[in-house]
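> Now for the letters of each chain:
Number of protein chains: 2
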Amino acid sequence: MTTSREIRLKSRPVGTPVADNFELATVELPAPGAGEVQVRNHWMTVDPYMRGRMNDVKSYSPPFALGEAMQGGAVGEVIASNDPSLAVGDLVQSMYGWREAFNAPAGAVQKLDTFGLPPQAFLGVAGMPGMTAWVGLLKIAALKDGDVVFVSGAAGAVGQIVVQIAKIKGNTVIGSCGGADKVAYLKSIGCDEVIDYKAEPDLTAALNRVAPKGIDVYFENVGGEHMDAAIAAARPFARFALCGMISQYNATGEMYGVKNLIQAVGKSLRLEGFIVSNSFQHLPEFLKDMSGWIQGGQIQWKETIDEGIENAPGAFLKLFKGENTGKMLVKLS
Amino acid sequence: MTTSREIRLKSRPVGTPVADNFELATVELPAPGAGEVQVRNHWMTVDPYMRGRMNDVKSYSPPFALGEAMQGGAVGEVIASNDPSLAVGDLVQSMYGWREAFNAPAGAVQKLDTFGLPPQAFLGVAGMPGMTAWVGLLKIAALKDGDVVFVSGAAGAVGQIVVQIAKIKGNTVIGSCGGADKVAYLKSIGCDEVIDYKAEPDLTAALNRVAPKGIDVYFENVGGEHMDAAIAAARPFARFALCGMISQYNATGEMYGVKNLIQAVGKSLRLEGFIVSNSFQHLPEFLKDMSGWIQGGQIQWKETIDEGIENAPGAFLKLFKGENTGKMLVKLS
Numbered sequence: 000m001t002t003s004r005e006i007r008l009k010s011r012p013v014g015t016p017v018a019d020n021f022e023l024a025t026v027e028l029p030a031p032g033a034g035e036v037q038v039r040n041h042w043m044t045v046d047p048y049m050r051g052r053m054n055d056v057k058s059y060s061p062p063f064a065l066g067e068a069m070q071g072g073a074v075g076e077v078i079a080s081n082d083p084s085l086a087v088g089d090l091v092q093s094m095y096g097w098r099e100a101f102n103a104p105a106g107a108v109q110k111l112d113t114f115g116l117p118p119q120a121f122l123g124v125a126g127m128p129g130m131t132a133w134v135g136l137l138k139i140a141a142l143k144d145g146d147v148v149f150v151s152g153a154a155g156a157v158g159q160i161v162v163q164i165a166k167i168k169g170n171t172v173i174g175s176c177g178g179a180d181k182v183a184y185l186k187s188i189g190c191d192e193v194i195d196y197k198a199e200p201d202l203t204a205a206l207n208r209v210a211p212k213g214i215d216v217y218f219e220n221v222g223g224e225h226m227d228a229a230i231a232a233a234r235p236f237a238r239f240a241l242c243g244m245i246s247q248y249n250a251t252g253e254m255y256g257v258k259n260l261i262q263a264v265g266k267s268l269r270l271e272g273f274i275v276s277n278s279f280q281h282l283p284e285f286l287k288d289m290s291g292w293i294q295g296g297q298i299q300w301k302e303t304i305d306e307g308i309e310n311a312p313g314a315f316l317k318l319f320k321g322e323n324t325g326k327m328l329v330k331l332s
Numbered sequence: 000m001t002t003s004r005e006i007r008l009k010s011r012p013v014g015t016p017v018a019d020n021f022e023l024a025t026v027e028l029p030a031p032g033a034g035e036v037q038v039r040n041h042w043m044t045v046d047p048y049m050r051g052r053m054n055d056v057k058s059y060s061p062p063f064a065l066g067e068a069m070q071g072g073a074v075g076e077v078i079a080s081n082d083p084s085l086a087v088g089d090l091v092q093s094m095y096g097w098r099e100a101f102n103a104p105a106g107a108v109q110k111l112d113t114f115g116l117p118p119q120a121f122l123g124v125a126g127m128p129g130m131t132a133w134v135g136l137l138k139i140a141a142l143k144d145g146d147v148v149f150v151s152g153a154a155g156a157v158g159q160i161v162v163q164i165a166k167i168k169g170n171t172v173i174g175s176c177g178g179a180d181k182v183a184y185l186k187s188i189g190c191d192e193v194i195d196y197k198a199e200p201d202l203t204a205a206l207n208r209v210a211p212k213g214i215d216v217y218f219e220n221v222g223g224e225h226m227d228a229a230i231a232a233a234r235p236f237a238r239f240a241l242c243g244m245i246s247q248y249n250a251t252g253e254m255y256g257v258k259n260l261i262q263a264v265g266k267s268l269r270l271e272g273f274i275v276s277n278s279f280q281h282l283p284e285f286l287k288d289m290s291g292w293i294q295g296g297q298i299q300w301k302e303t304i305d306e307g308i309e310n311a312p313g314a315f316l317k318l319f320k321g322e323n324t325g326k327m328l329v330k331l332s
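Protein chains in written order, with numbering that gives the first Met the number 0: chain A, 0 to 332; chain B, 0 to 332.
Rather than coming from a laboratory, the hints here were simulated on the basis of the structure.
Only a predicted model underlies this, so the values are computations on that prediction, with no experimental measurement involved.
Glycine included, every Cβ here is placed at the ideal spot set by N, Cα and C.
Incorrect hints may appear among the rest.
Covered, in the sense of this in silico footprint (three residues per stretch, anywhere, with C-beta under 8 Å from a C-beta of chain B), are these stretches of chain A [unchecked claim]:
(1) 237-244
(2) 251-261
(3) 265-277
(4) 305-319
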């Protein structure tokens with residue numbers, strides 16, 4: 000028997016989640032059955048979208064069940080195998096995060112060739128957040144030469160990649176983030192202008208100051224006042240890739256009301272929401288681009304790492320306090 | 000000399016325009032100079048977009064100048080010509096509305112072949128409003144088989160055409176309007192479900208009631224609460240053609256805040272603003288479709304007609320009170 004600890008959703012958060020919404024439980028795993036493997040997770044990811052799954056609301060992912068371990072991306076190592084396709088020692092990727100170890104059908108995990116990258120990169124730059132940045136900027140916003148790009152949450156897991164892809168493509172990039180450390184990081188990765196939204200009394204004024212001619216692309220991670228500022232600064236035919244609105248995920252009662260949407264008519268703006276899992280047909284193209292950029296030293300990334308399954312809820316909560324720079328990860332073993 | 004009366008913008012409206020924002024003036028027109036024609040207008044149009052031009056704000060059309068006659072679509076007859084391309088008696092279309100008669104270079108007016116239609120149809124169903132409906136529904140929203148279409152302001156100049164094009168294409172159509180007469184009109188032109196927004200305490204609840212499976216296309220003419228309701232009812236991958244937001248044109252201070260925009264992410268919605276003048280490359284295709292539909296008796300339209308240039312400001316104000324059904328026009332001679 001293998002002992003595994005896991006994080007279960009104990010109660011559905013109202014507003015900002017608190018520690019008591021989660022519980023740590025211990026389970027004993029039998030040997031894997033026929034066709035199964037047993038995996039010890041090394042890394043798990045926490046991502047803002049998981050907040051939505053904590054509500055009992057139908058969305059693109061089903062809600063997490065109360066009293067059960069949550070799901071999410073993870074990278075681990077096969078520690079027992081009862082299937083010929085996987086051997087002890089194989090690295091695998093799965094959606095069995097939020098737990099130290101698990102048994103699963105071999106077909107429910109994916110063997111991982113890291114191509115020399117640290118394995119947790121496949122939870123970030125070379126995984127879902129990296130592909131989200133790539134799809135949103137290049138396919139949804141359809142970036143073109145000369146576009147001025149504005150990225151909110153630019154120092155986050157997705158934002159940091161959006162900034163660098165836009166720079167690789169030769170565009171002017173404006174990022175927003177909260178705090179001097181993140182400003183310094185964004186400047187270090189080539190962001191042309193950085194707005195510290197915590198230091199700006201008027202975000203629209205700040206954006207107009209650093210983008211006096213306006214913006215052509217907005218990559219939306221934050222929502223709220225950021226959306227109004229981006230619409231106000233948008234040039235005609237600007238394209239908005241709506242990736243997330245983290246400022247609104249914990250809203251109770253009414254969400255922030257976006258007041259400038261009327262300008263979308265006169266300026267012929269296009270606002271398009273997207274979920275990366277609807278774009279998996281682009282995976283080979285993304286991997287080709289991203290592996291080339293990483294090998295060429297054109298893409299850097301930061302990680303913020305907490306350790307231990309017991310600290311996973313706290314790591315998740317840091318996302319909403321802006322306490323992570325780059326990808327927020329939990330190291331499990 | 001020909002005497003012409005014209006409506007000038009006397010002062011810029013703050014909020015809802017009032018009679019005192021306009022003045023009636025009389026001018027004497029000399030004989031047309033070389034290369035010019037003199038035109039007596041029979042019809043002029045009033046359209047919601049003109050409200051934006053009354054503000055001193057840079058937009059897709061320049062602001063109307065204070066103390067000068069406003070501009071807008073008109074249909075008239077050449078009463079004197081000093082250019083070989085046009086003869087007395089020719090019907091012409093122009094942007095010299097808001098006046099009884101005018102002199103202009105022959106190249107600034109367009110000779111009009113009515114193909115047997117009443118000439119004012121070229122200010123409505125066969126003109127800018129008709130083409131706006133066609134472009135928004137077929138090109139911007141990219142209507143496809145099986146889509147459930149929601150149209151706000153459905154009994155207006157544009158909305159009534161959107162409803163009928165969608166029905167010609169075989170789609171299910173839900174229209175919103177204000178008042179029993181408009182409800183009856185929309186039912187008479189085939190609208191499957193009609194929402195009288197004035198009689199509904201909760202527009203989202205009303206839309207969910209008549210579209211229990213949700214909507215795939217939203218044609219936006221109204222804005223405000225209508226936008227929140229449409230987002231709430233949208234199915235994944237719904238497309239919104241943002242044509243106008245008449246409920247917000249006279250807002251003073253803050254606009255209505257759209258609270259549901261976050262749902263655009265999870266549902267992968269596309270919201271796209273448009274101006275018909277950016278789509279004139281589609282004019283031949285529009286005219287081919289529309290002339291076929293009109294000849295085949297597949298498109299009907301209503302007009303609300305006021306008479307006399309002195310009543311043009313009042314006709315314009317009716318648009319914001321919802322006092323027109325179909326195209327609002329002013330008959331000048």
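> Now tell me if each hint is right for this structure.
Hints versus structure:
no.: 1; hint: 237-244; result: holds (count 4)
no.: 2; hint: 251-261; result: holds (count 9)
no.: 3; hint: 265-277; result: holds (count 11)
no.: 4; hint: 305-319; result: violated (count 0)
Comparing the model with each numbered hint stated earlier shows that hint 4 is the single one that does not hold.
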